[in-house]
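Take the given structure of chain A and dock chain B to it, following the hints.
This is what each chain is made of:
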Amino acid sequence: MSDVDFAPPAQSTPPAAEPARRSLGSRIVSVGPLPAALLLLVLVGTATTSGFATVDNIRAILTAASITGIVAVCMTFLTLSGNFVSLGVQQNTVLAAILFLSLTAAGAPLVLAVGGPLVVLVVIAVVQGVVVARGMNTVITTLAVGAILFGAMSSVTGGQVITTGGRSVGVLGQSLLFGVPVVVYGLVVVTAVAWLIATRTSLGRRCLLLGASRPTAVLSGVSITRTTVFAFVVLAVGATIAGVLTAAQLGQATANDLSTLTIDVVAAVLVGGTAMAGGSGSPVRSAAGALLIALLNNLMVLNGFTTGWRLAVQGALVVVVVLAVQRFSRAAR
Amino acid sequence: MTRLAVSLHRYGVQVAILLVVLVVLTTTSTQFRGPSAAFSTLEGFGLLGIVALGVAVTMIAGELDLSAASMTTLGSVVAVRASDLGLVPAILAAVAVCLLIGLVHGLVIARTGINSLVLTIGSLVLLQGVAWVASGEGPIVVTNYAVSDQVLLRWWILSPSSVIALVVFAGVGVFLAKTRNGREIYAIGGGRKESLAAGVPLARPLTTAFAISGACAGLAGALAAMRSGSATPDAFETLLLTGVAAALIGGIALSGGSGTVLNVAIGVAVLSLITAGFSAQGAATYVVQLWTGVVLIATIAIRLVLDLVRTTRTKTGDTT
Chain A
159 MSDVDFAPPA QSTPPAAEPA RRSLGSRIVS VGPLPAALLL LVLVGTATTS GFATVDNIRA
219 ILTAASITGI VAVCMTFLTL SGNFVSLGVQ QNTVLAAILF LSLTAAGAPL VLAVGGPLVV
279 LVVIAVVQGV VVARGMNTVI TTLAVGAILF GAMSSVTGGQ VITTGGRSVG VLGQSLLFGV
339 PVVVYGLVVV TAVAWLIATR TSLGRRCLLL GASRPTAVLS GVSITRTTVF AFVVLAVGAT
399 IAGVLTAAQL GQATANDLST LTIDVVAAVL VGGTAMAGGS GSPVRSAAGA LLIALLNNLM
459 VLNGFTTGWR LAVQGALVVV VVLAVQRFSR AAR
Chain B
267 MTRLAVSLHR YGVQVAILLV VLVVLTTTST QFRGPSAAFS TLEGFGLLGI VALGVAVTMI
327 AGELDLSAAS MTTLGSVVAV RASDLGLVPA ILAAVAVCLL IGLVHGLVIA RTGINSLVLT
387 IGSLVLLQGV AWVASGEGPI VVTNYAVSDQ VLLRWWILSP SSVIALVVFA GVGVFLAKTR
447 NGREIYAIGG GRKESLAAGV PLARPLTTAF AISGACAGLA GALAAMRSGS ATPDAFETLL
507 LTGVAAALIG GIALSGGSGT VLNVAIGVAV LSLITAGFSA QGAATYVVQL WTGVVLIATI
567 AIRLVLDLVR TTRTKTGDTT
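Respectively, the protein sequence lines represent chains A and B. Position one of the first sequence corresponds to residue 159 (my numbering), numbered consecutively onward. Position one of the second sequence corresponds to residue 267 (my numbering), numbered consecutively onward.
If you are wondering where the hints come from, they were derived from the structure by calculation, not from laboratory data. Source: prediction; values computed, not measured. Any given hint could be a false lead.
Stated by the list, open to error - Facing chain A, a subset of chain B residues (Cβ under 8 Å, in silico):
no., residue
1, His275
2, Val279
3, Thr378
4, Leu383
5, Pro499
6, Leu520
7, Leu556
Stated by the list, open to error - Residues of chain B clear of chain A, computed beta-carbon distances all greater than 12 Å:
no., residue
8, Leu288
9, Ala303
10, Gln416
11, Val440
12, Ala453
13, Tyr552
14, Arg569
All C-beta atoms, glycine included, are put in the ideal place defined by N, C-alpha and C.
Next up, chain A with everything else stripped away, as it sits in the complex:
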């Protein structure tokens, strides 16, 4: 699997010296369970649940996984850099959706309708990044900014539904392209780019180093401010893409939309196995985590699980995974 881990790559270390360092448990935890769990869920679903393995249902799962996945993939950099998670992603994403719809309704060309929200979200991200780099807790800062954004959006829209005003948004508004939901292309492209950034660029590697060991990172000349701002900006880009796609697909938005997005995104990143303390994980894992959550939710809905049971199972899954990651990542050190 395409994990980024700060441990040296396996092939470059002499096998004789290594086995004691990475226990079997840590290896299983680092690669095995995620694809295995996905496969298991698909098999169980196909065998036990009628209506699971149909084209329509698979499209529904992929669509559900995509919006969560796009944001989760982009939030991975924040988590990797040791800055935990943002609890304001829902409000940021909805802000992008509302701005996109308003600009479209006002007759702006597509470039401007997408560029406008992008600029706004990036500015908000830079401010948050600077504050967090100065030592403020990410969770609190993003929660506060989220509350301000929600209050501002509700005040401006007055709780009204924002629409495109009947204008077309082109290919973004189509539900399917070559038989695959449009949002899925979004997820695939975002994941691929994020993976390249995480593994092939110095900014991506700096996020990882900052999360793995802050003192080492600072000594090696990594700027905490610049790297944290970068992580927030990547998240802003993800939230913009997710917001624009949601808005284009539905053609409308309100300030209260996507109410479970924040929890789903955090769950996807954590279930994917990116360590919340930073330093290990991968955007690809978060995409897989989003798929796992979407699959699980779909199976539970089809089997008549109520809201409460779905939340409880999702929460229990997160707790179990973070405890396992904690246990085996500690054992590996």
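Below, chain B without anything else, positioned relative to chain A:
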């Protein structure tokens, strides 16, 4: 530093913010005056105050309990479910359930060394689910209103829930300042490595802090449920922000080891004033949320600036 200087350093900025909010609200709104304003502000202590107090104790221990809002919801559901047993047993049941969950949080964090944010973000979702299931997936009401009516008394500007809140604040304050276990909570928050080296056991203060946080959330939820005679599984969604915000605005540091219950009380007073003031003007809840966020960010900004000033002064050798 003299005693006065210490108090000024601890409470100066916070009291200033409180006064500004008080002046702005009373001058802009003619309805927000007198005993009724004081009453509705103090009512805020019954829910927000007790929750913020619990969260603040985990912050003093250098951790953060993000599950407090979910725990409050669960507490309210448990209290309504147990309300047939009478008022006191219903409240005690809610406190006991949430205290137990808090104990488990503390034990798991102490044993595994897991970051408390990571664990409690998972249990935040899990406990939300449990509250939904326990309430039968929807709002529930107290069947015997004679039980819940006992909470609706009013003595001038006080009510049973605000009196309980003040007693809890005093109790936790004495516990933190005067008992060995309370001092240990400060010790592991202020300098974990140093206090471990000095022989402070990590598990005891950690479990105590999270048990207090759980018990407080349960109590707040139970009181809220008894006041309204009902519980809703998706209630208190904004309580996570306001609870943590109250502690931070009051001057509890997330880095741990500093702050007193007086700090929490000031922070709660600021947010209660905002909530009560805007409700008196008939504003929507999102307006309150908006201003909570603004005041929180402003507090953070003021602190950052003050810290910068202080470090530059130290660097230039000016020690006044």
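Holds or violated: is there a CB of chain A closer than 8 Å to the CB of leucine 383(B)?
With a minimum Cβ separation of about 6 Å from chain A (threshold 8 Å), the hint on leucine 383(B) holds.
Less than 8 Å between beta-carbons is the criterion; does valine 279(B) satisfy it with respect to chain A?
Violated. Min distance 16 Å.
Per the stated criterion, does the least C-beta distance between glutamine 416(B) and chain A lie above 12 Å, as a non-interface residue requires?
Non-interface label on glutamine 416(B) holds, nearest chain A Cβ at 30 Å vs cutoff 12 Å.
With d taken as the least Cβ-Cβ distance between valine 440(B) and chain A, does d exceed 12 Å?
Per Cβ check, valine 440(B) is outside 12 Å of chain A; nearest 28 Å; holds.
Is it correct that the beta-carbon of tyrosine 552(B) has no partner in chain A closer than or equal to 12 Å?
Violated, since 4 Å does not exceed 12 Å.
Tell me if threonine 378(B) is really an interface residue toward chain A, meaning its C-beta lies closer than 8 Å to one of theirs.
holds (5 Å)
Would you check whether leucine 520(B) satisfies its interface hint, that is, whether its CB is within less than 8 Å of any CB in chain A?
Holds, because the Cβ-Cβ distance from leucine 520(B) to chain A comes to roughly 5 Å (cut-off 8 Å).
Please settle this one: alanine 303(B) was flagged as non-interface, so is its CB more than 12 Å from every CB on chain A?
holds (23 Å)
Minimum Cβ-Cβ distance from alanine 453(B) to chain A exceeds 12 Å
holds (21 Å)
Can the hint on leucine 556(B) be confirmed by a CB-to-CB distance to chain A that is less than 8 Å?
holds (2 Å)
Hint validation: histidine 275(B) versus chain A, beta carbon distance must be below 8 Å. Holds or violated?
With a minimum Cβ separation of about 18 Å from chain A (threshold 8 Å), the hint on histidine 275(B) is violated.
Assertion that arginine 569(B) lies farther than 12 Å from chain A (Cβ)
violated (9 Å)
Hints 1, 2, 13 and 14, counting from the list given before, are not met by this structure.
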